[in-house]
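Please build the complex by placing chain H on the supplied structure of chain S, with the hints as guidance.
First to last, the protein sequences are chains S and H.
Heads up, the first sequence stops at 482 in the numbering used here, and the numbers go up one at a time, no gaps.
Heads up, the second sequence stops at 482 in the numbering used here, and the numbers go up one at a time, no gaps.
Accuracy of the hints is not assured; some may be wrong.
Copies of the same chain are indistinguishable here, so a pair counts whether it falls within one copy or spans any two.
Said to hold, decoys possible - Okay, derived cross-link-like pairs now, BS3-like style, lysine-lysine, Cα gap no bigger than 27 Å in a straight line:
hint	residue 1	residue 2
1	134	156
2	374	134
3	134	479
4	199	374
5	479	156
6	374	126
Hints are computed from structural coordinates only; laboratory data are not their basis.
Number of protein chains: 2
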Amino acid sequence: MSHYLVVSADGHAGPPADQYREYLDPGYREAFDEHQTQLREMLELMRGDKSREDFVEKWEHLTGGDGGLLAAYDSDHRDKVLDDQGVAAEVLFPDADVLGTGRIAASPFGSGLGGGAGVEPDKVMAGARAHNRWLADFVSQSPLRRIGVAVVPILHDIDAAINEIRTAREVGLKGVLIPTRWFDAPAYHDDRYEPVWATCEELGMVVHTHSGSGPADYGLGRGMMAIYATEAWWWAARPFWVLVWSGVFERHRNLQYVIAENGAWWMADTIFKMDEKYLGSHNTEKMGNAFREDLSMKPSEYLDRNCFLAASTPGVEDIERRHLIGTDNILWGNDLPHPEGTFPYTRYWIRERFREVPADETRRILGATAAGLYGLDVARLQPIVDGIGPTAEEVHGDVPLEKVPA
Amino acid sequence: MSHYLVVSADGHAGPPADQYREYLDPGYREAFDEHQTQLREMLELMRGDKSREDFVEKWEHLTGGDGGLLAAYDSDHRDKVLDDQGVAAEVLFPDADVLGTGRIAASPFGSGLGGGAGVEPDKVMAGARAHNRWLADFVSQSPLRRIGVAVVPILHDIDAAINEIRTAREVGLKGVLIPTRWFDAPAYHDDRYEPVWATCEELGMVVHTHSGSGPADYGLGRGMMAIYATEAWWWAARPFWVLVWSGVFERHRNLQYVIAENGAWWMADTIFKMDEKYLGSHNTEKMGNAFREDLSMKPSEYLDRNCFLAASTPGVEDIERRHLIGTDNILWGNDLPHPEGTFPYTRYWIRERFREVPADETRRILGATAAGLYGLDVARLQPIVDGIGPTAEEVHGDVPLEKVPA
Chain S
77 MSHYLVVSAD GHAGPPADQY REYLDPGYRE AFDEHQTQLR EMLELMRGDK SREDFVEKWE
137 HLTGGDGGLL AAYDSDHRDK VLDDQGVAAE VLFPDADVLG TGRIAASPFG SGLGGGAGVE
197 PDKVMAGARA HNRWLADFVS QSPLRRIGVA VVPILHDIDA AINEIRTARE VGLKGVLIPT
257 RWFDAPAYHD DRYEPVWATC EELGMVVHTH SGSGPADYGL GRGMMAIYAT EAWWWAARPF
317 WVLVWSGVFE RHRNLQYVIA ENGAWWMADT IFKMDEKYLG SHNTEKMGNA FREDLSMKPS
377 EYLDRNCFLA ASTPGVEDIE RRHLIGTDNI LWGNDLPHPE GTFPYTRYWI RERFREVPAD
437 ETRRILGATA AGLYGLDVAR LQPIVDGIGP TAEEVHGDVP LEKVPA
Chain H
77 MSHYLVVSAD GHAGPPADQY REYLDPGYRE AFDEHQTQLR EMLELMRGDK SREDFVEKWE
137 HLTGGDGGLL AAYDSDHRDK VLDDQGVAAE VLFPDADVLG TGRIAASPFG SGLGGGAGVE
197 PDKVMAGARA HNRWLADFVS QSPLRRIGVA VVPILHDIDA AINEIRTARE VGLKGVLIPT
257 RWFDAPAYHD DRYEPVWATC EELGMVVHTH SGSGPADYGL GRGMMAIYAT EAWWWAARPF
317 WVLVWSGVFE RHRNLQYVIA ENGAWWMADT IFKMDEKYLG SHNTEKMGNA FREDLSMKPS
377 EYLDRNCFLA ASTPGVEDIE RRHLIGTDNI LWGNDLPHPE GTFPYTRYWI RERFREVPAD
437 ETRRILGATA AGLYGLDVAR LQPIVDGIGP TAEEVHGDVP LEKVPA
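Only chain S is shown next, with the shape it has when bound in the complex (with noise of 0.2 Å):
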């Protein structure tokens, strides 16, 4: 029997504060229980949405109790549902839960996928190293299945941020997330990034942006979180197109860049647009020579070359697309422990998405991609596939499923 390796491009792990709070500087702890005291208030202030209230009992039901967030730092158990997923390694990000569900398990200081929005460049860092510090540490644990993603505030000290991704690779870290947004910062078309992506051209350190950092333009008022949810793929695409405009892949052929938890299909729309504009289409023709005074090719082939979409629980349109968007750029996640993910159902949701799709290009997506991109040991990983990786007939066929969603 054939067993798919299967690899998550989208998990999310971290401890509870008072386990974050060892790993911080001893100066940063008390601003630490100051921020965590501001979040719990937060935290009230959502309460009373009838239908959201349910939402997180079903959850909290689901999750036997504990919001997910035990496998977020329990290495035994986290390696135990991935198991029951048939998931054979992931990609770990920050933020477990913030407030998602009711829970606070994020990142010091909202230095995860907020990018730090709001709080001082300083104690950002901080809480960054925090978090990486506790990371290495859970990655040494099963280091086979999981590699880390080290968070690297990039906004602000260009030079500590340079020190942070050395650092990070030193521990064993493969990958860094930077601010999905640069809010009053230079955009990533500034050259002062440059030492950015050199350095992780050099170390061979995989650039990641995740969605999750919204807009910050309009205020409380009618529609605000359905006008957010619509608008939030955006800003999580922003990045792509700055750094494929400025040149970043022209200068560093050798950087990878993945987009995180923001889909796929938006990328086919999206990269025949940009390539129109650089072969000259009449709409753009007064902009004369904007679209290829940084750029060698057209911006497709910096997509097919340096750039992957983790599209964490893709949708039909997701994988319909993959044809135009590159069916090896596409990686597949399931969001763990986030309950907008496949868990518990992972293994439905992957049948549901690839039954109808060729063996060799589900397997390219399921994880043979990430397996490439990563530098996992495919070869050490392959006796926990062959226990736990969907089979063909699983995933194409009409094998019964333990769990269904009801």
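Frame of chain S; chain H shown alone:
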């Protein structure tokens, strides 16, 4: 022979600065001269891109040396150009040229497509009033064929904006152009704008936003123009979901809203995703009731009832996706006299896009829907249509055309 009624839902008009000056309240004329000087200085900074200058030279040649700007304010000449292009009537926005071809013909104080960014609000309002006065005169010279859209800055002084909307209605203008971006003002979900929506609904004034106001959160640097061009559609699309999700069309069921010069292709994915959220999706379940609290219908139903895409110079994908968007929500336009428009090859481009489109759908997109929306006197336009409108044979057949792109 059957001729199509062609209505351009996207034209631009405005006089040279010396004429605008006369329409300004006298107290603003000195400041206007200073602002014009600043624009001329920006123009100087743009020189030097060889491919851009080649393009300007080609455009000069195509337009007989005036860059198309005589048509922007000379009534007889405008009608002659429309006749030549087969266009019976058109919607008139400001900013016939803002530096695009090395010229300045723009609504005073950046009050036009730029939404008054960076200029004191009272000057922007004074500039808008001047444009609207001029526009009312221009419309009155050929009232059957011209649909005037008043410039109305709504970001600062709401009372003044309401007054200007009423004045515009009294002098025969049929719609208002509001800033596409809200900059530092509250977003359009804010209740402060309720009087604007209510007044426009009451008076039957069609609300418009128009592309051209780009992002402001990155500075000069590599790839800047390419990044701008890639993002422009999104900034111009954004008011759509802000207005829908905040329930503006729920509370104002007769309000009509047009998104001009921003294609239509993006609406297919946008409205699918919005409906998906409204109907309840796994990804957004944890957000509870956020997608339903202000709406009694699906987002696509507000699109159907209240919104239109003035997709000037449509691309293949705008037309191909018409059934995903709503054939009756798409208005053709030619962007005259902008060089990215179809002039002087409008008949050619109509054939290119509509050759395979059924005649009834062609009829609605090319003009019938716009005629209904803006209340055109179709019976009185008929003699013009019979004289200049493209015939069904010309659009769907092989009749040789006089002008085709070289």
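Outcome of the hint check:
no., hint, verdict
1, 134 x 156, "within (22 Å within a copy, 68 Å between copies)"
2, 374 x 134, "between (47 Å within a copy, 26 Å between copies)"
3, 134 x 479, "within (16 Å within a copy, 66 Å between copies)"
4, 199 x 374, "neither (40 Å within a copy, 44 Å between copies)"
5, 479 x 156, "within (16 Å within a copy, 71 Å between copies)"
6, 374 x 126, "between (50 Å within a copy, 21 Å between copies)"
In terms of the numbered hints stated before, the structure departs from hint 4 and from no other.
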